[in-house]
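Could you slot chain G onto chain P? The hints should help.
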Amino acid sequence: MIEAALSMAALGLSLGLMLGFAARRFHVEAPAILQDIEEVLPGTNCGQCGFPGCRGAAEALAAGDAPVTLCPPGGRPLVVTLAEITGVEVPPAGGAGAVVEEAPLIAFIFEDHCTGCTKCFKRCPTDAIVGAAKQIHTVIWDACTGCDACVQVCPTEAIILRPKPRTLRNWYWDKPDEALGAGEAA
Amino acid sequence: MNLSALLSRLDPGRVFGIGGGVHPKTRKSLSARAAIEPMPLPPLLRVPLQQHIGVEAEAIVQRDDLVLKGQLIGKARGPVSANIHAPTSGRVIAVGHFAAPHPSGLPVPTITIRPDGEDRWGPRLPRLRPETAAPDAIAAQVAAAGIVGMGGATFPSAVKLNLRDRYALETLIINAAECEPYLTCDDRLMRERAEEIADGAAIMAKALGVKDILIAIETNKPEAITAMRLHDVALGYKIRVKTVPTLYPMGSEKHLVKALTGQETPARALTAELGIVVHNAATAHAVHLAVRYGEPLISRVVTVSGRGVARQANIQALIGTPVSDLLAHCGGLVGEPERLLLGGPMMGQPIQNQRVPVVKGTNGILALTKAEARTDAVMPCIRCGSCVHVCPCGLMPFEMNARIQADDLEGASKTGLMDCIACGCCSFNCPSNIPLVQAFNFAKGRLAERKSREHQQQETKRLAEARQAREAAVAEAKRAAMAKRKAEQAAKKKKADEAKAAKAAAAAAAKAQEGAS
Chain P
1 MIEAALSMAA LGLSLGLMLG FAARRFHVEA PAILQDIEEV LPGTNCGQCG
51 FPGCRGAAEA LAAGDAPVTL CPPGGRPLVV TLAEITGVEV PPAGGAGAVV
101 EEAPLIAFIF EDHCTGCTKC FKRCPTDAIV GAAKQIHTVI WDACTGCDAC
151 VQVCPTEAII LRPKPRTLRN WYWDKPDEAL GAGEAA
Chain G
187 MNLSALLSRL DPGRVFGIGG GVHPKTRKSL SARAAIEPMP LPPLLRVPLQ
237 QHIGVEAEAI VQRDDLVLKG QLIGKARGPV SANIHAPTSG RVIAVGHFAA
287 PHPSGLPVPT ITIRPDGEDR WGPRLPRLRP ETAAPDAIAA QVAAAGIVGM
337 GGATFPSAVK LNLRDRYALE TLIINAAECE PYLTCDDRLM RERAEEIADG
387 AAIMAKALGV KDILIAIETN KPEAITAMRL HDVALGYKIR VKTVPTLYPM
437 GSEKHLVKAL TGQETPARAL TAELGIVVHN AATAHAVHLA VRYGEPLISR
487 VVTVSGRGVA RQANIQALIG TPVSDLLAHC GGLVGEPERL LLGGPMMGQP
537 IQNQRVPVVK GTNGILALTK AEARTDAVMP CIRCGSCVHV CPCGLMPFEM
587 NARIQADDLE GASKTGLMDC IACGCCSFNC PSNIPLVQAF NFAKGRLAER
637 KSREHQQQET KRLAEARQAR EAAVAEAKRA AMAKRKAEQA AKKKKADEAK
687 AAKAAAAAAA KAQEGAS
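Chains as they are written, first to last, in this note's numbering: chain P, 1 to 186; chain G, 187 to 703.
For the record, the hints were derived by calculation from the structure and aren't laboratory data.
A couple of the hints might just be wrong.
[Stated by the list, open to error] Quick list of in silico lysine to any residue cross-link-like pairs, SDA-like style, CA-CA up to 20 angstroms:
#1 P:K175 x G:Q535
#2 P:K175 x G:P566
#3 G:K647 x P:D148
#4 G:K637 x P:E84
Here chain P stands alone, though its shape is the one from the complex (with noise of 0.2 angstroms):
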């Protein structure tokens, strides 16, 4: 019994030297771009982006596997943000490869068909729906991403992607449709 005993505890701290000193001597730095790009994605691992959760669109993006537009949520900012971590040019807007300026978008509940089954919002990743078991759940405008993970689980389909409404406040004019004069002026 006794032996048995020594002989594990002395094979156990063998080993964890081993590991110990391995894990010193082969030390791999994490890149610092990884931090600085971690902290600008949104953090909402909503993946929309294709990788696995923002950490792995960071470590993409670090290893120039993926263009700086691929974060949908972030828009154009967040392309400009990350092109001046990563050093490549931010890709002009309407040009290939640019990320569309789309209106940005929001989830809507239709209440007719809403159950109250809380899978929604307990998905949301930046808890922008409000809601009970059994009582009708709402989006909070200003909360929501528009980042489609609700409209994901939802069973009854009772959850749709629209673009935010216009109000008073973030209503601004069209871009005058000229650009005849200002193409031959650039």
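Positioned in the frame of chain P, the structure of chain G alone reads:
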């Protein structure tokens, strides 16, 4: 003190150049001879709760409530907001949304009142004696009366009267330049109610704690200048009337300050930094009514003009009067107008819906015919620099426009987009009819949207982190509870086992005893 300030002190009549500006046809003669006339009560009044810059007011009446003239129906929310009062007595028939007097026509919270025709006043605000009132009390009265800048900017006036706490103020300028073509509402107000305006100006000077009052009037309003010069002393304050050249955009706050004092206001700063506060002449009149008589701001003078309307007039209209009723009172439209504007032709906003109401900042309703509106085709920019010559802010509109057209908004804002006051001189003067100011308005809106999205991005991050922290805490709590339960169960089991063992031991002992005996 710089040279220009010294010069203006040595020669009080001196007026400085502002650089840039244009001379559009003023066409003020269309309505300048029409005295201010009252209007019969319209069948409905639609009073929006957002008539000012800042947060919308909160409705404090409900459907079917009876309201009296001057009764508070919308309460200001937050520091930058304004009270809304019932323009006449009647019944509230709806508290909901209605199209805003805005180019978008988007809905805005609106209280609809059906007048009972009696026009019965409710209790007015307590009167103040400005001779003895404290500055704070005057500002509070102006806030209670819901007065906002009536030149069109609609910034709550009381906030501006409270600037004395933060800046060393010396001068109050009453802006009566009225540089927009067509508009004559301030002109008529000065001709007919000069004494009231002078008194209101003196009351505001008292609230601001300044000694110097200047009234700036463009040279094309000689009658108004004469009328105001007759009232050069009010409340013991000396009031100086200064004439400024007829030049658009002389009525822009910062340009007026430049013309009168020679001092330039720093970019994106308040004129208060120079010790100057600017208020509109109509605002001064409203302050007079609010302080002397306790009357809230429930009506204003509106110029109805343009050749597209049968009779040009200056009308004392209740806030909330639909544009269609005002036009009908003036004999209606002559044919289909090319453009229907709220405000002046340079900076006014087109409206799509004639049922939208007149609000506190509506100084004019213009129905422009094809001959008056410019509809020429756009041609390429020839880089002639006409826009640069007339830009009163010293910007290069053609360069900014080129950048905006190339979707380089950051570049446009680096070349001064944010200093643009959207006066429209560049578009007016462009020989190629390029919609320059329209592009700047678009770009400013787009940049503001981006900024708000950036802000939202940060908020999202905060929310996501908060959620993750909460989920971690919940999981931790669950684990702890589970461990506790496990420990409890283990303890219970142990206890049971012990009890069992004790029992067995006791039984064994008893058996042994039995055996021994």
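For a C-alpha distance cap of 20 angstroms, please report whether K647 (chain G) and D148 (chain P) respect it. Holds - the C-alpha atoms of D148 (chain P) and K647 (chain G) are around 17 angstroms apart, at most 20 angstroms.
Between K637 (chain G) and E84 (chain P), does the CA-CA distance stay at or below 20 angstroms? 18 angstroms, holds
Hinted pair, alpha-carbon criterion (20 angstroms max): K175 (chain P), Q535 (chain G). Please report holds or violated. 16 angstroms, holds
Tell me if the straight-line CA distance from K175 (chain P) to P566 (chain G) falls inside 20 angstroms. 17 angstroms, holds
Checked against the numbered hints given earlier, this structure breaks none of them.
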